[in-house]
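Protein chains: 2
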Amino acid sequence: MPMRIAQVAPLIESVPPKAYGGTERVVSYLTEALVDMGHDVTLFASGDSVTQAHLVPVVERSIRLDPSHPDWLVWTTLMLEQVFESASRFDVIHFHVDHLHFSLARRCKTPCVTTLHGRQDLPDLVPLYQRFREQPVVSISDSQREPLPFANWCATVHHGLPEDLYRFHPTAQDYFVFVGRMSPEKRVDRAIDIALNCGVPLRIGAKVDMADRAYFESQVRPLLDHPLVDYVGEIEEHQKNDFIGNARALLFPIDWPEPFGLVMIEALACGTPVIGYPCGAVTEVLEHGVTGYVVNDRQQAIAAARRIDRIDRRECRRAFEQRFTARVMAERYVDVYRSLIARTCTPVLQEA
Amino acid sequence: MPMRIAQVAPLIESVPPKAYGGTERVVSYLTEALVDMGHDVTLFASGDSVTQAHLVPVVERSIRLDPSHPDWLVWTTLMLEQVFESASRFDVIHFHVDHLHFSLARRCKTPCVTTLHGRQDLPDLVPLYQRFREQPVVSISDSQREPLPFANWCATVHHGLPEDLYRFHPTAQDYFVFVGRMSPEKRVDRAIDIALNCGVPLRIGAKVDMADRAYFESQVRPLLDHPLVDYVGEIEEHQKNDFIGNARALLFPIDWPEPFGLVMIEALACGTPVIGYPCGAVTEVLEHGVTGYVVNDRQQAIAAARRIDRIDRRECRRAFEQRFTARVMAERYVDVYRSLIARTCTPVLQEA
Numbered sequence: 081m082p083m084r085i086a087q088v089a090p091l092i093e094s095v096p097p098k099a100y101g102g103t104e105r106v107v108s109y110l111t112e113a114l115v116d117m118g119h120d121v122t123l124f125a126s127g128d129s130v131t132q133a134h135l136v137p138v139v140e141r142s143i144r145l146d147p148s149h150p151d152w153l154v155w156t157t158l159m160l161e162q163v164f165e166s167a168s169r170f171d172v173i174h175f176h177v178d179h180l181h182f183s184l185a186r187r188c189k190t191p192c193v194t195t196l197h198g199r200q201d202l203p204d205l206v207p208l209y210q211r212f213r214e215q216p217v218v219s220i221s222d223s224q225r226e227p228l229p230f231a232n233w234c235a236t237v238h239h240g241l242p243e244d245l246y247r248f249h250p251t252a253q254d255y256f257v258f259v260g261r262m263s264p265e266k267r268v269d270r271a272i273d274i275a276l277n278c279g280v281p282l283r284i285g286a287k288v289d290m291a292d293r294a295y296f297e298s299q300v301r302p303l304l305d306h307p308l309v310d311y312v313g314e315i316e317e318h319q320k321n322d323f324i325g326n327a328r329a330l331l332f333p334i335d336w337p338e339p340f341g342l343v344m345i346e347a348l349a350c351g352t353p354v355i356g357y358p359c360g361a362v363t364e365v366l367e368h369g370v371t372g373y374v375v376n377d378r379q380q381a382i383a384a385a386r387r388i389d390r391i392d393r394r395e396c397r398r399a400f401e402q403r404f405t406a407r408v409m410a411e412r413y414v415d416v417y418r419s420l421i422a423r424t425c426t427p428v429l430q431e432a
Numbered sequence: 081m082p083m084r085i086a087q088v089a090p091l092i093e094s095v096p097p098k099a100y101g102g103t104e105r106v107v108s109y110l111t112e113a114l115v116d117m118g119h120d121v122t123l124f125a126s127g128d129s130v131t132q133a134h135l136v137p138v139v140e141r142s143i144r145l146d147p148s149h150p151d152w153l154v155w156t157t158l159m160l161e162q163v164f165e166s167a168s169r170f171d172v173i174h175f176h177v178d179h180l181h182f183s184l185a186r187r188c189k190t191p192c193v194t195t196l197h198g199r200q201d202l203p204d205l206v207p208l209y210q211r212f213r214e215q216p217v218v219s220i221s222d223s224q225r226e227p228l229p230f231a232n233w234c235a236t237v238h239h240g241l242p243e244d245l246y247r248f249h250p251t252a253q254d255y256f257v258f259v260g261r262m263s264p265e266k267r268v269d270r271a272i273d274i275a276l277n278c279g280v281p282l283r284i285g286a287k288v289d290m291a292d293r294a295y296f297e298s299q300v301r302p303l304l305d306h307p308l309v310d311y312v313g314e315i316e317e318h319q320k321n322d323f324i325g326n327a328r329a330l331l332f333p334i335d336w337p338e339p340f341g342l343v344m345i346e347a348l349a350c351g352t353p354v355i356g357y358p359c360g361a362v363t364e365v366l367e368h369g370v371t372g373y374v375v376n377d378r379q380q381a382i383a384a385a386r387r388i389d390r391i392d393r394r395e396c397r398r399a400f401e402q403r404f405t406a407r408v409m410a411e412r413y414v415d416v417y418r419s420l421i422a423r424t425c426t427p428v429l430q431e432a
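Protein sequences, first through last, are from chains A and B.
Everything in the first sequence is counted per the working numbering, starting at 81 for the first residue and increasing by one.
Everything in the second sequence is counted per the working numbering, starting at 81 for the first residue and increasing by one.
Looking at chain A on its own, in the form it has when it is part of the complex (with noise of 0.2 Å):
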């Protein structure tokens, strides 16, 4: 039976995103994919949004966008009135922007859900999800719990791409690939040592936002003159495909508790092994030996580039179609919608 579900959107990028924006892409995903399985689904986010679902556009611009600057907490503010103004037109209301909403949800006969895509080991936010531990939130995978174990999570939903977003391509050229933000936390000069170490050559796609830029120049900037090495700046979206899909494999030696990495999942839609460093969601996505090999160390990562073609990209495709296409995701997010609705409905905290 088809649901009412409202997809709650931030407002600095548009859904989905004209550029960079993890959480944007997913939303979009999951919206289209819901409305794809028959569910009537309202998206409230910037006007500059497209979507088969019904578009509330609360600001007219996405955020970051704008050139006169809206303030982003007017305008989030202005968004959570009108979707608890019209919260009983909906079975479920599916919230993508962290806390904010979080007194209105407790005081909400409809069932609330909020999917948080962030790091979640930041001090703060112990007090606050103790003072909103009846708030249920899922995460974006099992790791992302670990600072906030008293949480509400109602489950881990992995995100998932469109299954044909991206091309399985049988066969790879002579690279390895780096794809991601250019912050030390994403360590790109490991995967530079890595391909080097191989003989193999790297070509990189990354953005360097402007708290990154002193790292890129100092620590970053010096390893590009290699001939091994090929940064081409930020790619599009629709250069990723043939980028991340004809690379050998995706090098990811991150050392940070990653919420879950993207970019994974793009690499196995294309049928490309990655090779990780074991942090946050990395041991989740990856199966080792299979889809790729999860790695320790340099000498671990060394080895594991150099038997590379040991790993069937077939294996890593079929991966994808089973756990990561944006209808795994939807169908697993319908299955949370599902069980709060059957809860008894009554908000947490009736008006003093």
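None of these hints come from the bench; they were simulated from the model.
Given the structure is predicted, the values throughout are model-derived calculations rather than measurements.
Do not take every clue at face value.
Given that identical chains are not distinguished, each listed pair holds provided it fits within a single copy or across any two copies.
[Claimed, not checked] Derived EDC-like pairs (lysine to aspartate or glutamate); straight-line CA-CA distance at most 20 Å: (1) Lys287 <-> Asp322; (2) Lys98 <-> Glu317; (3) Lys189 <-> Glu161.
Please arrange chain B on chain A, whose structure you already have, making use of the hints.
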């Protein structure tokens, strides 16, 4: 009859603030005056606040001074939850935190009122106050209302200071004074020009915010070399009494819609007249020819400065005592609270 009143302060500074913080100073003066009048007052504020009221210490330390950089939005969310959880224990809740609570306030049975402490001429505020047009708001000057004529203004309540905070200074020394931030709209350059044209020394007590550093270095620093100009940096609260009180006049040649301008009433409390440009609240605070002069241009400003001795300093102090004490402010707020309580207390929005 005593009322049960909640005061909800920003968490950035303590109440009162350790250093600069106009809003937190006013919240402190109001809170203490209400307690002195016999009301049962609860102050939601940072834990390093000092008050005779019941303090709810939302966060251990005021956020600006805490080296661990607490997340303002997380702690404000937590504060609002604490406020609305205990709403039924209060007769009225008075907010000083802009608009983040509006959605919760319109769903709350206890009357809520918000004092707007900042400038309101920002384009995003128009749709905000259109949507929340029933929310009772208090302006700190009539002029502050201009950009939002459709908001639910309950009253203008001018700021007030404790009667004994500043001492009457019957005679002046031979200097003018400028006190404020070193920002372009405060126009310290005009103050210097006026003083030099009168051949009277100017003492400047002003902080330079990070945002204003470039302006200060390029536009202001070159003007400070003159022997009649004495820039003493940022001055402490306890220094203001004599710094302002001994001056022949406070020069206030602003160039922006100043919502109130606390320093004007600090000067009046000392008996020091004020020469102001007619922006923002200036014409409401000053009585032209009685407590100073409101001037329209450079020529009028210089002429006014030259005849400042015609102003009776006792009239300045008298105007302060009649119109701008914390007690007067608190009495006006009590009137606002009583009229809100007298209205039928049904939340605008029942839970959907």
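Hints and how they fare:
In the homo-oligomer, the alpha carbons of lysine 287 and aspartate 322 lie at most 20 Å apart inside one protomer (18 Å), although the nearest pairing across protomers, at 55 Å, exceeds that limit. In this assembly of identical chains, the alpha carbons of lysine 98 and glutamate 317 lie at most 20 Å apart only when taken from the same copy (9 Å versus 50 Å across copies). Proximity of lysine 189 and glutamate 161 under a CA criterion of 20 Å is satisfied in both settings, with 15 Å inside one chain copy and 17 Å between copies.
When held up to the earlier numbered hints, the structure conflicts with none and fits them all.
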